[in-house]
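Undergrad: Each chain is listed here by its residues.
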Amino acid sequence: MSEIEQHPLTLTVNGKKVQRFVEPRTLLIHFLREELSLTGPHIGCETSHCGACTIELNGMSVKSCTMFAVQANGAEITTIEGMAAADGTLSALQEGFRQMHGLQCGYCTPGMILRAHVLLKENPNPTEAEIRAGIAGNLCRCTGYQNIVKAIQYAAAKLAGRDFQEAAE
Amino acid sequence: MVQLPLCVHRTHRQPPDQEQAVWPGIPELTAPVREEAVIPGQFTYHRPSTVQEAVALLASHGEEARPLAGGHSLIPMMKLRMAAPEHLVDLGGVAELKGIREDAGHIVIGAITTQHEVIGSELLASKLPILRETSLVIADPQIRYVGTIGGNVANGDPGNDMPALMQCLDAGYVLVGPSGERHVAAREFYEAAYFTALSPDEIVAAIRIPVPAAGHGYAYEKLKRKVGDYATAAAAVMLTRSGHQITSCAIGLTNVADTPLFAEEAGRILTGSSMEADVVTRAVAAAEAITNPASDGRGPAEYRTRMAGVMLRRALARAYDRAAA
Chain A
1 MSEIEQHPLT LTVNGKKVQR FVEPRTLLIH FLREELSLTG PHIGCETSHC
51 GACTIELNGM SVKSCTMFAV QANGAEITTI EGMAAADGTL SALQEGFRQM
101 HGLQCGYCTP GMILRAHVLL KENPNPTEAE IRAGIAGNLC RCTGYQNIVK
151 AIQYAAAKLA GRDFQEAAE
Chain B
1001 MVQLPLCVHR THRQPPDQEQ AVWPGIPELT APVREEAVIP GQFTYHRPST
1051 VQEAVALLAS HGEEARPLAG GHSLIPMMKL RMAAPEHLVD LGGVAELKGI
1101 REDAGHIVIG AITTQHEVIG SELLASKLPI LRETSLVIAD PQIRYVGTIG
1151 GNVANGDPGN DMPALMQCLD AGYVLVGPSG ERHVAAREFY EAAYFTALSP
1201 DEIVAAIRIP VPAAGHGYAY EKLKRKVGDY ATAAAAVMLT RSGHQITSCA
1251 IGLTNVADTP LFAEEAGRIL TGSSMEADVV TRAVAAAEAI TNPASDGRGP
1301 AEYRTRMAGV MLRRALARAY DRAAA
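Keeping their order, the protein sequence lines are chains A and B. The end of the first sequence is residue 169 by the working numbering, with every number in the run present. The end of the second sequence is residue 1325 by the working numbering, with every number in the run present.
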């Protein structure tokens, strides 16, 4: 098994095309972090429970620790590094997490934001229950989720052109 | 997602003192050693674009090859080195394995159709809503985008939810191998935990489900400890009614034996009844009698058997209420 063929891989990551050769067993999270130096997607449990490695892949929320990079060939990927505008202006979700104190240690935050990003694309005006169900695959051990839910509500309101009146807990 | 005892998970911390075999103050715990337990073994990757190509690859590599669908059972097993295939045949590029359609009184679901696609299907919402209800309690949103219905039924893991549902629905699996196609009923497919009627050179290409009667009642009730957990016990019920009387009833049970269970006797007891309390109690007892769960982190065997009964009662009540009289 020493002569393992390297596979060509083409991805569009945060709007930029990248081409590399990868060993088939390379997990997508390791490719993003180690090959592309995108360390926003975090490695938490490595067993597809915690959601810290969540990215957007072809419009889906995916746990990048449980996918081989070769499986993603041709995909369009967004990580937390691709969320803010080029001039540094935060996205509505990033702003929401800041305004509503949606993070404490921050470890789960990139995964939370990328998950919420796809959730809001599919359901721009979610109820609190839909938000909680939508982030059920992302664990946070600090916040108790209250302000994460509010951060997502803040972003939904902002994207719809409304003000979000509630204060953070 | 594979559920494993906590002791299998590795930590990356180094012990504070490399000479010390134990963490100070915690003499029971041996120091965690960094191992490559989260890195899968090496393999050769194949990405066929047709079923024939996929099956030919599996046939030529025999037991060393595994098909890869969504990967949310296989990849965790490979990380833990509980599976170490030398060849992975990725079915993700086989377009003919994807999609949901109606064909001659059957709903046909391609094997690599994801749980997310099952949940979003209008055809299933109108004809087979129990599929959506079941998919929604499988794993979590991210995993449902990637996890496939074919992988869920083919893996033979008794914790998976779709197999008992498929038995309840009297679904058939279309298996394709080098010598062609054959059909195996879901009720005949499962032999033991991870042992099924599938040969190493075959894949599950599609699932065929007879379209149930319009106005049928349905429910899938699952008891789990947390989001993403396998069932402590779960029950699938499909029934039809005429007035108060149940005219047909099928029941499947999840994760209370080393295979999914088709509770045939329980369904027979209920058919012809009007859900009288004593009949329901007899049917629940008949269903409990065929369970043989493991005692594990989800509870002792006796508890899980009783929870199978409780899930069945709840599913029956909901299905009965939902059915057109």
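FYI, nobody ran anything at the bench for these hints, they're computed from the structure. One or more hints might be untrue.
[To be verified] Some, not all, of what chain B presents toward chain A, calculated at C-beta under 7 Å:
hint: 1; residue: Q1042
hint: 2; residue: H1072
hint: 3; residue: G1092
hint: 4; residue: Q1142
hint: 5; residue: Y1145
Every residue gets a Cβ at the ideal spot worked out from N, C-alpha and C, and that includes glycine.
Undergrad: For every hint, state whether the structure bears it out.
TA: Against the structure, the hints:
Hint status for Q1042 of chain B: holds, given a least beta-carbon distance of 5 Å to chain A, under 7 Å. Taking 7 Å as the C-beta contact cut-off toward chain A, the hint placing H1072 of chain B at the interface holds, the least distance being around 6 Å. For the restraint placing G1092 of chain B at the interface with chain A, the shortest Cβ-Cβ distance is roughly 6 Å, inside the 7 Å limit, so the hint holds. For Q1142 of chain B, the suggested interface contact is upheld, since its CB lies about 5 Å from the closest CB of chain A, less than 7 Å.
Using the Cβ-Cβ criterion of 7 Å, the hint placing Y1145 of chain B at the interface with chain A is satisfied: the shortest such distance is roughly 4 Å.
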